[in-house]
Each structure stands twice: as structure tokens, then as C-alpha cells.
Amino acid sequence: MSLLVKSNARGRTMVELGKGELEYVGFAAYRLSLGETLPVAAGDKELCLVLLSGRVSIKGEAPGQGAFEWDNLGDRQSVFEDKSPFAAYLPPGSQAQVVALSDVQIAVCAAPGSAEKGLGPRLIKPDTMKRSVRGKGANTRYVCDILPDTEPAHSLLVVEVRTPSGHSSSYPPHKHDTDDLPHQSFLEETYYHQINPPQGFVFQRVYTDDRSIDQAMAVENSDLVVVPKGYHPVSVPYGYESYYLNVMAGPKRVWQFHNDPQHSWLLDL
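The sequence shown begins at 1 in full-length UniProt numbering and counts up one residue at a time.
In short, the hints are calculated from the structure, not lab data.
Take the hints with a grain of salt, since some may be wrong.
Claimed, not checked - Cβ pair distances, simulated, as ranges:
1. Leu181 x Asp44: 23 to 33 Å
2. Ala216 x Asp75: 15 to 25 Å
3. Asp209 x Lys59: 42 to 52 Å
4. Ala67 x Leu101: 14 to 24 Å
5. Arg134 x Gln215: 22 to 32 Å
6. Gly43 x Leu266: 37 to 47 Å
As the list claims (entries may be wrong) - Mimicking EDC-like on lysine to aspartate or glutamate, the simulated pairs with C-alpha atoms at most 20 Å apart in a straight line are:
7. Lys125 x Glu151
8. Lys125 x Asp82
9. Lys125 x Asp44
10. Lys252 x Asp179
11. Lys252 x Asp145
12. Lys125 x Asp149
13. Lys136 x Asp260
14. Lys252 x Asp127
15. Lys19 x Asp44
16. Lys130 x Asp75
17. Lys117 x Asp149
We put the beta carbon where it would ideally sit given N, CA and C, even for glycine.
Produce the entire structure from the sequences given, and follow the hints as far as they go.
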């Protein structure tokens, strides 16, 4: 199967992971015009709605938790602004309506949930998100933890990363596809990409030690890369800036990765 899901140039759905593609992770990204409404139903999943750009109001209801409503959210017009996003956590059984108060791009991240956790819907504000710089030199990138393993959820982990022109990211290559804690955790992953300017592209390779998976992809604006297992580095050509939104989930909500030993020497540079 191809690990690259191409985006749609028109229509409400920018890109969507097909049902059954991954066991734990679900993902879709949508574009809305002013006044449009996006209905969201969690079912047996937990959701994290990430407002990529624009302004929205979100209202809905969660079983045993009652109604919720958050008005006039959003203060960035592009994922390349130096700002954290607004996001919302919705537990299993939730139903919500997202109303666009401007042109909007929004991501819906999904993973198995559990009503037994007793988690309620909550707004995740930008000023609560940890921002950090990872790597050095041409391996520098800028990270925003939207829903890390230090915040309550059942399965979901969500993070966004901006990578400057000419830099590498998710590099040196690392993987998290083996349930071997504390050394490594098993987490599926998706990469939702945007490029600045939008006519650009980045390269991403997904490969395993035995090369049973080995795909190198030219990724364009709003495309999705699926990482069921294996290493998954990204390279950004000169002149373009990269953004990606990562969604991870697995049987244990811990992010513990293993570097490719062939390339781990890069950490000593």
C-alpha cells in the first residue's frame, strides 16, 4: 500500500485517512468557509480538534458531562505563524458542531478512547502548550506539544512541528514500533504536511530495518503520510518551510523512540 495520501484541491475535505488503514490512528483535515458548519461525532473514539487557521466556535454535548460551548476561538491565519493553535479534546460519545467565523482549516485527530477514564471535553488553550527547539544546525526545528503524554487522554498524542528551509526533521531517523518499554513504545503515526509557499514540496522516507517497508515520497501541500511502523525522516528543500501535524496512538500512551543505529553518530556532531 502507498503510505502517501494525496490531498484534495477542492471541497471541504482536504485529506482523510481511509478507514482501516491504521489500527489506532484516525485523521482528517477540513477547509470551511465563513458560516459553514462541520459536524463531529466521536463514537467510540476520543478526538482532538486542532484549529490550524482561522476562527471558529465549537459547541456540543458529551455523555455524562452535559453541554459545552467555546466561542470565537483562533488567532492565527497560517500554521507558519509563530503561535500555538487552539485545540479541543472530546471524549468518546461526544457530538459537536464547529462553526466557521472566517475561512478555516481544522484537523480532526482520532484514537481509541475509554469512557471509563471519565475524561470530559476540554478546551486546550495556546498558552498551556509547551514550545521547544529541537536539534541544532541544519537539524533545528520548532515543536509545539498540543496533547502530550503529560496531559490526560486515553490514547492520543498530538504535536506540531515547523522546520526551516533546507533543514531536516524527525532526524536522525527514529522509530517507535516495538512494545519494549522502557526502551521503545509501539505507536502508529500520521504526518499532515503543509508547505510555505504552498507550491513547494518536502521529502519523507518511511523504512524498516529489514526494508519490508521502504518508501521515499515527494510530499506536497496538505498531503498525509502514514507511518504504520519504521523510521520516518523528513527533508525540506531550500526555499520552502515545512509544517507537519503528528498524531500518534498505540496500546500504551508513552512516546519512547529508538534511533536508527546506522545514523545515530549524527547525534555526536
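Whether the CB-CB distance between Leu181 and Asp44 falls inside 23 to 33 Å: Since Leu181 and Asp44 have Cβ atoms about 26 Å apart, the given range 23 to 33 Å holds.
Asp75 and Ala216 - C-beta distance against the hinted 15 to 25 Å: Roughly 37 Å apart at Cβ, these two residues miss the hinted range, so it is violated.
Distance restraint between Lys130 and Asp75, which requires alpha-carbon spacing of 20 Å or less: The given pair, whose Cα atoms are some 18 Å apart, holds under the 20 Å limit.
Pair hint outcome, Lys19 versus Asp44 [Cα-Cα no greater than 20 Å]: With Cα atoms ~14 Å apart, Lys19 and Asp44 stay inside 20 Å; holds.
Supplied distance hint 37 to 47 Å, evaluated on CB atoms of Gly43 and Leu266: holds, 42 Å
Hinted pair Lys252 and Asp127, Cα distance within 20 Å: violated, 27 Å
Proposed proximity, Asp44 with Lys125 (alpha carbon, max 20 Å): violated, 25 Å
Distance restraint between Lys252 and Asp145, which requires alpha-carbon spacing of 20 Å or less: Judged against 20 Å, a Cα distance of about 18 Å means the pair holds.
Lys125 paired with Asp149 [C-alpha distance capped at 20 Å]: holds, 17 Å
Lys117 paired with Asp149 [C-alpha distance capped at 20 Å]: holds, 15 Å
Asp209 paired with Lys59, Cβ distance criterion 42 to 52 Å: Since the Cβ atoms of Asp209 and Lys59 sit about 48 Å apart, the hinted range of 42 to 52 Å holds.
Satisfaction of the hinted span 22 to 32 Å by the C-beta atoms belonging to Arg134 and Gln215: With a Cβ separation near 24 Å, Arg134 and Gln215 satisfy 22 to 32 Å, so the hint holds.
In summary, the numbered hints that this structure violates are 2, 9, 14.
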